[in-house]
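Trainee: Please put together the full structure from these sequences, using the hints given.
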Amino acid sequence: MARKKILLADDSTTALTMGQAVLPKGVYDVVVARDGRAAVQVALDEAPDLIILDVVMPHMDGFEACRALRSLESTRTTPIIMVTTRGEPRNIEMGYEAGCSDYVTKPINGTELVSKVRDLLGE
Amino acid sequence: MSFAKSPALAPTELSDALQTALIAVSENAYFVFVEPCEPGQFDELARNGGVPHQPWLRATVDFAGESSGSVEILLPEKLGSWLVTSLLGMESDDALPSSQLYDGVAEFTNMVCGAWLSTLSEETLFTLKSPRVVAMPAGWTPLEPPQEPDAGWRQVSLNEMPMQIRALW
Numbered sequence: 190m191a192r193k194k195i196l197l198a199d200d201s202t203t204a205l206t207m208g209q210a211v212l213p214k215g216v217y218d219v220v221v222a223r224d225g226r227a228a229v230q231v232a233l234d235e236a237p238d239l240i241i242l243d244v245v246m247p248h249m250d251g252f253e254a255c256r257a258l259r260s261l262e263s264t265r266t267t268p269i270i271m272v273t274t275r276g277e278p279r280n281i282e283m284g285y286e287a288g289c290s291d292y293v294t295k296p297i298n299g300t301e302l303v304s305k306v307r308d309l310l311g312e
Numbered sequence: 657m658s659f660a661k662s663p664a665l666a667p668t669e670l671s672d673a674l675q676t677a678l679i680a681v682s683e684n685a686y687f688v689f690v691e692p693c694e695p696g697q698f699d700e701l702a703r704n705g706g707v708p709h710q711p712w713l714r715a716t717v718d719f720a721g722e723s724s725g726s727v728e729i730l731l732p733e734k735l736g737s738w739l740v741t742s743l744l745g746m747e748s749d750d751a752l753p754s755s756q757l758y759d760g761v762a763e764f765t766n767m768v769c770g771a772w773l774s775t776l777s778e779e780t781l782f783t784l785k786s787p788r789v790v791a792m793p794a795g796w797t798p799l800e801p802p803q804e805p806d807a808g809w810r811q812v813s814l815n816e817m818p819m820q821i822r823a824l825w
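Line by line, the protein sequences are chains A and B. Quick note: to get the working numbering, add 189 to the position in the first sequence (first position is 1). Quick note: to get the working numbering, add 656 to the position in the second sequence (first position is 1).
Cβ-Cβ distance ranges computed for the label pairs, FRET-style:
#1 B:Asn684 - A:Arg192: 28 to 36 Å
#2 A:Lys194 - B:Glu694: 50 to 58 Å
#3 A:Gln209 - B:Arg788: 20 to 28 Å
#4 B:Ala794 - A:Thr300: 42 to 50 Å
#5 B:Trp825 - A:Asn298: 23 to 31 Å
Think of the hints as simulated: they come from the structure by calculation, not from any bench. Bear in mind that the values here come from a model prediction, so they are computed numbers and not experimental data. For each residue, glycine too, the CB sits at the ideal point set by N, CA and C.
Mentor: See the structure below:
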């Protein structure tokens, strides 16, 4: 069976490294993007099964990228987990308004993220 | 003070909240305790605490919302390298490229700023800019010239290395 593909989008190399370290080894194919605009393009090119999207990114922030992904036919229903440094209700509400499926806050709790990934992938 | 949901917070309380955010991020993500420095202790650490002749870094994250400002962190490169290697589970910081060092310090500052803003307001949506990290001039230390007493810096130590943090708004 083909491995599920996950798109990690963050402008920080450190955050991308952390994200990849948190996901179980050898279980998923991981592709990355370094800004919101690139995330939309990589999502179109790679058709990931799930997208993990940071909020603070250049060119197009995570909220804008999420809205763009939801406006495209091929990514309209792709699960999106927003990653934010802020856990205040208004910020989370903004993510859901943009169309995200779930969210996690930085510093990332690996167990929490993997649990949400598996849940959204139906595993 | 103009944070919409925290009108009663004085600058000292905002600094306390920032230090609390620093402690939370450091303990939860980096598994290191943050120790507030007593007067003179910071100078001693900056002068002799394992970081002599170390270049210092200044990391800044700007935020905007109903109030705008920035969070600044000053730390020696050695502490920055230690934070990055700790977060990523690396064994040694000997070969840490400067791009990775700067990126990791930027991410640390981003998390601290976000954690701080989360404690200040439940309703206000703040927008954070991408963090900036620059190297201070060669030979610079936070000890000379002496800082203005009201500059708002909090002085702490992590793993027996010095760090200064403040919020400007």
